[in-house]
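**Student:** Chains as they are written, first to last, in our numbering: chain L, 1 to 306; chain B, 1001 to 1306.
Since the hints were made in silico from the structure, they are not lab data. Treat the hints with care, since some could be wrong.
Unchecked claim - Pairs of lysine-lysine, BS3-like flavour, derived with a Cα cap of 27 Å:
hint, chain 1, residue 1, chain 2, residue 2
1, B, Lys-1155, B, Lys-1197
2, B, Lys-1130, L, Lys-293
3, L, Lys-299, B, Lys-1155
4, L, Lys-293, B, Lys-1285
5, L, Lys-293, B, Lys-1193
6, B, Lys-1086, B, Lys-1277
7, L, Lys-186, B, Lys-1277
8, L, Lys-182, B, Lys-1155
9, B, Lys-1225, L, Lys-254
10, B, Lys-1155, L, Lys-278
11, L, Lys-129, L, Lys-193
12, B, Lys-1299, L, Lys-292
13, L, Lys-254, B, Lys-1186
14, B, Lys-1305, L, Lys-284
15, B, Lys-1190, B, Lys-1155
16, L, Lys-190, B, Lys-1299
17, B, Lys-1086, B, Lys-1182
18, L, Lys-299, L, Lys-284
19, L, Lys-299, B, Lys-1130
20, L, Lys-86, B, Lys-1155
21, L, Lys-186, B, Lys-1163
22, B, Lys-1186, L, Lys-278
23, L, Lys-54, L, Lys-277
24, B, Lys-1163, B, Lys-1130
25, B, Lys-1197, L, Lys-225
26, B, Lys-1225, B, Lys-1292
27, L, Lys-190, B, Lys-1086
28, L, Lys-247, L, Lys-285
29, B, Lys-1225, L, Lys-197
30, L, Lys-182, L, Lys-163
31, L, Lys-305, B, Lys-1292
32, B, Lys-1197, B, Lys-1182
33, B, Lys-1305, L, Lys-247
34, L, Lys-176, L, Lys-193
35, B, Lys-1247, B, Lys-1197
36, L, Lys-305, B, Lys-1299
37, L, Lys-299, B, Lys-1186
38, B, Lys-1305, L, Lys-86
39, L, Lys-182, B, Lys-1293
Chain by chain, the residues:
2 protein chains.
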Amino acid sequence: MSILVVGTIAYDSVQTPEGSNNHQLGGSAVYFSLSASYFSKVKMVGIVGTDFKKQDMDLLKSHGINTEGIEISDGKTFTWIGDYKKDINQAITIDTQLNVLNNFNPNIDSIQFNSNHLFLGNFHPTLQKKILNLMSNNLLFTALDTMNIWIENTKSELNQLIKNVDALIINENEVKTLTNEKNYYKAAMKILKLGPKIIVIKRGEYGATLFNENFIFSAPAFPIKRVVDPTGAGDSFAGGFMGYLDKCQEINEKTLKSATIIGSVMASFTVEQFGTKKLSLLSKKDIYERFKKFIDLTKFNENLKI
Amino acid sequence: MSILVVGTIAYDSVQTPEGSNNHQLGGSAVYFSLSASYFSKVKMVGIVGTDFKKQDMDLLKSHGINTEGIEISDGKTFTWIGDYKKDINQAITIDTQLNVLNNFNPNIDSIQFNSNHLFLGNFHPTLQKKILNLMSNNLLFTALDTMNIWIENTKSELNQLIKNVDALIINENEVKTLTNEKNYYKAAMKILKLGPKIIVIKRGEYGATLFNENFIFSAPAFPIKRVVDPTGAGDSFAGGFMGYLDKCQEINEKTLKSATIIGSVMASFTVEQFGTKKLSLLSKKDIYERFKKFIDLTKFNENLKI
């Protein structure tokens, strides 16, 4: 099987307490795809400018990612400048230049149609909906991410979209804004009532919690002494989560719990270096070893006497 | 075995998004003792005024808590007024009346001397140190809690005390202030370098993380839809943690991990009602059933193929 991802492809410039890095490869589709590529075939849909570097395209291809759905348009690639110096958990946006994203109107060709899993990365809900409709005949599993700008400006469109996906993968603050609930559990229940079978709330350095009708599962974040750059951690989580699920025979309680841990494993690598530096250079062994560390981090004796 | 706890005994008045409750029984020693009483023998050392209600003393006794170390002094019991309406995770203190706490100069008599485990609840470090010195010959395990007021005003005294305990059980924000570190992992490592073998960082609705030289263990908080009153959750955690350890034959990786979960179980009950209302009315069955829910919440398949 394979996953189609639509999202941003960007050049980011970030400042963090550990330093700064200019014009690094980023964007939701990039982090998602690199992360998912360790588990599954990924097809990317997105847009870049003519400034997009060959070495960056080659990096994606070297991960076996199908880049045929990446449109190269006249103009510059989307750029984002963010500052985490004050709070490593919350970037302050210094500047956003949409550039070629202004012209993005993706079409899905026959190659991409083969995908059964779809990730709608953070983007305008109208575009997310268009992709969902184009793909809808073949889909087994669709997950959606979003962010405050869409929650604030296109809420009814977004709510409509949420009704038609299987999973919402979203930051804690954002789901609280979206549902107007201060309690994350109540917020999750409101989302499940809208339609999705699954909601995963990403809680940054506190981990991730998955809710569905029948169970709740909580994964810690891996303790990291030196968080170099948190950019892309959420999309790396989503990539690991969906990449692992795509690899499984079925989506059930067992595989969803494992996927939440794998998502957390992948996010933990991303934050250890600027941009995609660490995420793009992993081995299966690295991933498996960190997975085993999650077992040590969370497993306790189940047979104790009280 | 048994645990000696020294800490505050209070009448609290709280306002939360779920309502308000005046003059409810509280204080670090009370929450700790009630929580630990489900697992172990507890001896309380503290001070109350002549206004302390017989029904509250009876409640403690009905839990098998040894109250002989509670001094009844002329004057009023310590009171605290707190407001969680703005942020359920962080009370705003409206008023604190130390009252009889001003005269507190505890003495440990021969009965209390029998305890091998000691919990130094949040209090002036000078008093905590006095108790530690009085008890030091018999102790197998000592844990300490503190809060911002002591970190800010009595830091060197507090650091001296930390060197002489086995475990520090502390809120995340407070350990960051204490160590001047924004990263909780680095903060934990700094504390371990000072002397304690164990640090547990309480992270409120995000759970608790235990660090020692050889391992890290992370427990989620139990997802609660309606957090009525978070007062005492941290002390209930400490009570469950130490009560369970006191019951165990030895303190090792296995029992420390279980104790962290039991602490989280007990804290999860406390927040469901005002004050000690829920915490004081539990059965072993309630505790065991919630423990099993923590297994469901955290356990995942360890044999997956990546």
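**Student:** Would you mind marking each hint as holding or not holding in the structure?
**Tutor:** Structure-based check of each hint:
no. : hint                     : result
1   : B:Lys-1155 to B:Lys-1197 : holds, 20 Å
2   : B:Lys-1130 to L:Lys-293  : violated, 41 Å
3   : L:Lys-299 to B:Lys-1155  : violated, 35 Å
4   : L:Lys-293 to B:Lys-1285  : violated, 32 Å
5   : L:Lys-293 to B:Lys-1193  : holds, 23 Å
6   : B:Lys-1086 to B:Lys-1277 : holds, 23 Å
7   : L:Lys-186 to B:Lys-1277  : holds, 23 Å
8   : L:Lys-182 to B:Lys-1155  : violated, 35 Å
9   : B:Lys-1225 to L:Lys-254  : holds, 24 Å
10  : B:Lys-1155 to L:Lys-278  : violated, 39 Å
11  : L:Lys-129 to L:Lys-193   : holds, 20 Å
12  : B:Lys-1299 to L:Lys-292  : holds, 13 Å
13  : L:Lys-254 to B:Lys-1186  : violated, 34 Å
14  : B:Lys-1305 to L:Lys-284  : holds, 10 Å
15  : B:Lys-1190 to B:Lys-1155 : holds, 15 Å
16  : L:Lys-190 to B:Lys-1299  : holds, 25 Å
17  : B:Lys-1086 to B:Lys-1182 : holds, 24 Å
18  : L:Lys-299 to L:Lys-284   : holds, 22 Å
19  : L:Lys-299 to B:Lys-1130  : violated, 38 Å
20  : L:Lys-86 to B:Lys-1155   : holds, 25 Å
21  : L:Lys-186 to B:Lys-1163  : violated, 42 Å
22  : B:Lys-1186 to L:Lys-278  : holds, 21 Å
23  : L:Lys-54 to L:Lys-277    : holds, 16 Å
24  : B:Lys-1163 to B:Lys-1130 : holds, 14 Å
25  : B:Lys-1197 to L:Lys-225  : holds, 19 Å
26  : B:Lys-1225 to B:Lys-1292 : holds, 18 Å
27  : L:Lys-190 to B:Lys-1086  : holds, 22 Å
28  : L:Lys-247 to L:Lys-285   : holds, 17 Å
29  : B:Lys-1225 to L:Lys-197  : holds, 19 Å
30  : L:Lys-182 to L:Lys-163   : holds, 22 Å
31  : L:Lys-305 to B:Lys-1292  : holds, 12 Å
32  : B:Lys-1197 to B:Lys-1182 : holds, 21 Å
33  : B:Lys-1305 to L:Lys-247  : holds, 10 Å
34  : L:Lys-176 to L:Lys-193   : holds, 15 Å
35  : B:Lys-1247 to B:Lys-1197 : holds, 19 Å
36  : L:Lys-305 to B:Lys-1299  : holds, 19 Å
37  : L:Lys-299 to B:Lys-1186  : holds, 23 Å
38  : B:Lys-1305 to L:Lys-86   : violated, 40 Å
39  : L:Lys-182 to B:Lys-1293  : holds, 23 Å
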